[in-house]
Amino acid sequence: DVKVTQSSRYLVKRTGEKVFLECVQDMDHENMFWYRQDPGLGLRLIYFSYDVKMKEKGDIPEGYSVSREKKERFSLILESASTNQTSMYLCASSSQARGTDTQYFGPGTRLTVL
Amino acid sequence: DAKTTQPNSMESNEEEPVHLPCNHSTISGTDYIHWYRQLPSQGPEYVIHGLTSNVNNRMASLAIAEDRKSSTLILHRATLRDAAVYYCILNTNAGKSTFGDGTTLTVKP
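Residue numbers (this note's numbering), protein chains in the order written: chain G, 14 to 127; chain B, 2 to 110.
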């Protein structure tokens with residue numbers, strides 16, 4: 014089974030801190046994604062990556078950056094956390110950029126910014 | 002990106018069939034229709050997908066309208082464990098998907 018793991022289930026940070034959310038997948042997938050999920054807004058795509066060192070902006074990239082130095086790892090970075098970034102963050106991976114591909118999600122990280 | 006529209010919530014009785022609708026009137030010819038569900042405190046999980054023909058798997062069935070502008074996820078006998086948020090999304094060949102708000106399914110014993 015595909016496994017997508019996220020570094021923390023719960024995280025509490027202070028305004029202005031730099032925050033790293035880590036995601037690791039074990040199935041050699043090319044594609045990796047970061048979403049945030051807020052009540053009433055569904056899942057919104059922040060960034061995605063089709064290959065190592067490659068990234069593309071999603072629908073809401075402002076205030077975030079990403080890093081993909083190794084194929085299995087995709088990091089989401091909040092350079093200076095703000096309270097409006099309090100949310101559930103979900104990482105996903107898929108094998109190729111095709112319409113048939115399934116995304117496999119991690120359990121999520123609930124981030125609270127005080 | 003093409004969008005999908007789903008009802009906010011639906012209710013079902015246990016062991017009865019459930020039909021979850023989805024409208025995707027701006028679907029393009031190469032978009033696949035995927036369904037995911039999200040159980041409480043978990044990430045979404047894949048349920049089923051299709052392009053033009055109806056599809057069946059061990060979890061559910063997917064009925065796709067002839068014009069592909071709508072689809073229906075069918076749970077043949079709902080159980081309490083099927084209570085979740087169900088998302089209908091369109092997968093492009095670029096691999097990027099847009100998730101809407103989904104439908105919250107409540108299953109009553």
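Rather than coming from a laboratory, the hints here were simulated on the basis of the structure.
All C-beta atoms in this analysis are idealised placements derived from N, C-alpha and C, irrespective of residue type, glycine included.
Any given hint could be a false lead.
Here are the simulated DSS-like cross-link-like pairs (lysine-lysine), alpha carbons at most 30 Å apart as the crow flies [said to hold, decoys possible]:
id : chain 1 : residue 1 : chain 2 : residue 2
1  : G       : 31        : G       : 70
2  : G       : 83        : G       : 70
3  : G       : 26        : G       : 66
4  : B       : 70        : G       : 70
5  : G       : 16        : G       : 26
6  : B       : 4         : G       : 16
7  : B       : 109       : G       : 68
8  : G       : 26        : G       : 68
9  : G       : 70        : G       : 26
10 : G       : 31        : G       : 83
11 : G       : 70        : B       : 109
12 : G       : 83        : G       : 16
Not everything, but these chain B residues come out facing chain G in the computed CB check (under 7 Å) [said to hold, decoys possible]:
id : residue
13 : 22
14 : 29
15 : 83
* Asked: Okay, which hints does this one fail, numbers in order?
  -> 7, 11, 13, 14 and 15
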